[in-house]
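Note that the protein sequences, when read in sequence, are chains A and B. FYI, the numbering for the first sequence is 0 to 200, going by numbering that gives the first Met the number 0. FYI, the numbering for the second sequence is 0 to 169, going by numbering that gives the first Met the number 0.
Take these hints with a grain of salt, some might be off.
To be verified - In silico DSS-like pairs for lysine-lysine, Cα to Cα no more than 27 Å straight-line:
#: 1; chain 1: A; residue 1: Lys53; chain 2: B; residue 2: Lys31
#: 2; chain 1: A; residue 1: Lys41; chain 2: B; residue 2: Lys115
#: 3; chain 1: A; residue 1: Lys41; chain 2: B; residue 2: Lys145
Since the hints were derived computationally from the structure, they do not count as laboratory data. Just so it is clear, the structure is predicted and the values come from calculations on it, not from any experiment.
The chain contents come next:
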Amino acid sequence: MAIESKKVIELASRLSIESNERGIMAAFGVYAAMNYNEFFFKVVSRVINAVDFKTAQTVERKLYDAVLECGYHTFHGIRTSMHWREHILPMIKSLEDEVYALVAVTNIFGIGFIEVEELLPGQKLVTVVKNAYDPGRYLEEYGIQPHGRCYMSSACTASYMDLVYGPRYPSGIGTFISAEASCRSKGDHICKFIAERCAKS
Amino acid sequence: MKVSFASDRNIIKLDDVMVSLHCHHYNCGLVKVLEEMKGINARDIFIQAATEEFYVNFRNYISNYLEGKTVIEKTEAAADLYRFMGFGRLDLSGLNESGGIAYADSSYYVIGWLAKYGRRETPVCHLTCGFLSGILGAIYGQIDGKYIVEEKKCMITGHDICEFVVSVVK
Numbered sequence: 000m001a002i003e004s005k006k007v008i009e010l011a012s013r014l015s016i017e018s019n020e021r022g023i024m025a026a027f028g029v030y031a032a033m034n035y036n037e038f039f040f041k042v043v044s045r046v047i048n049a050v051d052f053k054t055a056q057t058v059e060r061k062l063y064d065a066v067l068e069c070g071y072h073t074f075h076g077i078r079t080s081m082h083w084r085e086h087i088l089p090m091i092k093s094l095e096d097e098v099y100a101l102v103a104v105t106n107i108f109g110i111g112f113i114e115v116e117e118l119l120p121g122q123k124l125v126t127v128v129k130n131a132y133d134p135g136r137y138l139e140e141y142g143i144q145p146h147g148r149c150y151m152s153s154a155c156t157a158s159y160m161d162l163v164y165g166p167r168y169p170s171g172i173g174t175f176i177s178a179e180a181s182c183r184s185k186g187d188h189i190c191k192f193i194a195e196r197c198a199k200s
Numbered sequence: 000m001k002v003s004f005a006s007d008r009n010i011i012k013l014d015d016v017m018v019s020l021h022c023h024h025y026n027c028g029l030v031k032v033l034e035e036m037k038g039i040n041a042r043d044i045f046i047q048a049a050t051e052e053f054y055v056n057f058r059n060y061i062s063n064y065l066e067g068k069t070v071i072e073k074t075e076a077a078a079d080l081y082r083f084m085g086f087g088r089l090d091l092s093g094l095n096e097s098g099g100i101a102y103a104d105s106s107y108y109v110i111g112w113l114a115k116y117g118r119r120e121t122p123v124c125h126l127t128c129g130f131l132s133g134i135l136g137a138i139y140g141q142i143d144g145k146y147i148v149e150e151k152k153c154m155i156t157g158h159d160i161c162e163f164v165v166s167v168v169k
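Make the full structure from the sequences, and use the hints.
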């Protein structure tokens, strides 16, 4: 494994992600915006606490899909950027290296530090996040949760596998599906995500 | 605007408040998912959360960096913040303590929604409504939620500009 995550993060954090004079951040084929973590927590937590358990699960599944699209398209945009080709691609010697690099590059967006715990090439990816924002806030505001609340990191975990081992972009989205195996909002000590091939893929 | 990044924890702070970067697939997807839910007023939830966040954070920003500045300078700083965060460009010159009208000639949610879903028949700049409510409360030292904001025209529906009418809660 040739990827030094720290180096990838350092290089990726030099990527130009700034708004123009019209207040628009166009980067890597997507439009980005910076927003308060607490804003997202408030919006989503208030909705899922206002509906029944089943509806809340439906909402979170749809939000997982929204993040999956976000991750799939954004990470593809990053891995095809000149900056990536110049600085990070030379470190990548295998598909597995690419997974590690994509996971590392996620660590410039402010959504908690994600790391690879296990990778079975083409089959399974296990990631962990120790410091995601939402789980701690759910505990503070609502107490122990009945299931994991980190659809964001979960969907990102699937998106890496979709990009690297799925059919060629843009057809590979949804090749893998991720589940949150543990979550701090449930009282676990860490948030863990397992992405595996969908039964239909 | 001061941004810090803790690379060992993936934490970004904007003026000491934790922020994150997301693309239009998620930001617009979040709006769409919640708008499609029966029994949920997504617009109100977005506006309320944005009002609260921009109120408290811009009030702190004023306290830390804009003490003694004029209302015009504070209002310009608010527009700069909005632009810096990537939400678009606002003309806030028509606002005062009693409300007024604000305009946007560039909108993140309009551009993002058009790119992802195309046109729609109703305004989409819910976050901007909350932003305006929050920053006005902070600038004029009012309570959180004193201002109500309605987007009367939105570029997503075909208008040339987004128009936000601000009034004081009676």
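Taking the hints in turn, this is what the structure says about them:
| no. | hint | result |
| --- | --- | --- |
| 1 | A:Lys53 / B:Lys31 | holds (19 Å) |
| 2 | A:Lys41 / B:Lys115 | holds (24 Å) |
| 3 | A:Lys41 / B:Lys145 | holds (19 Å) |
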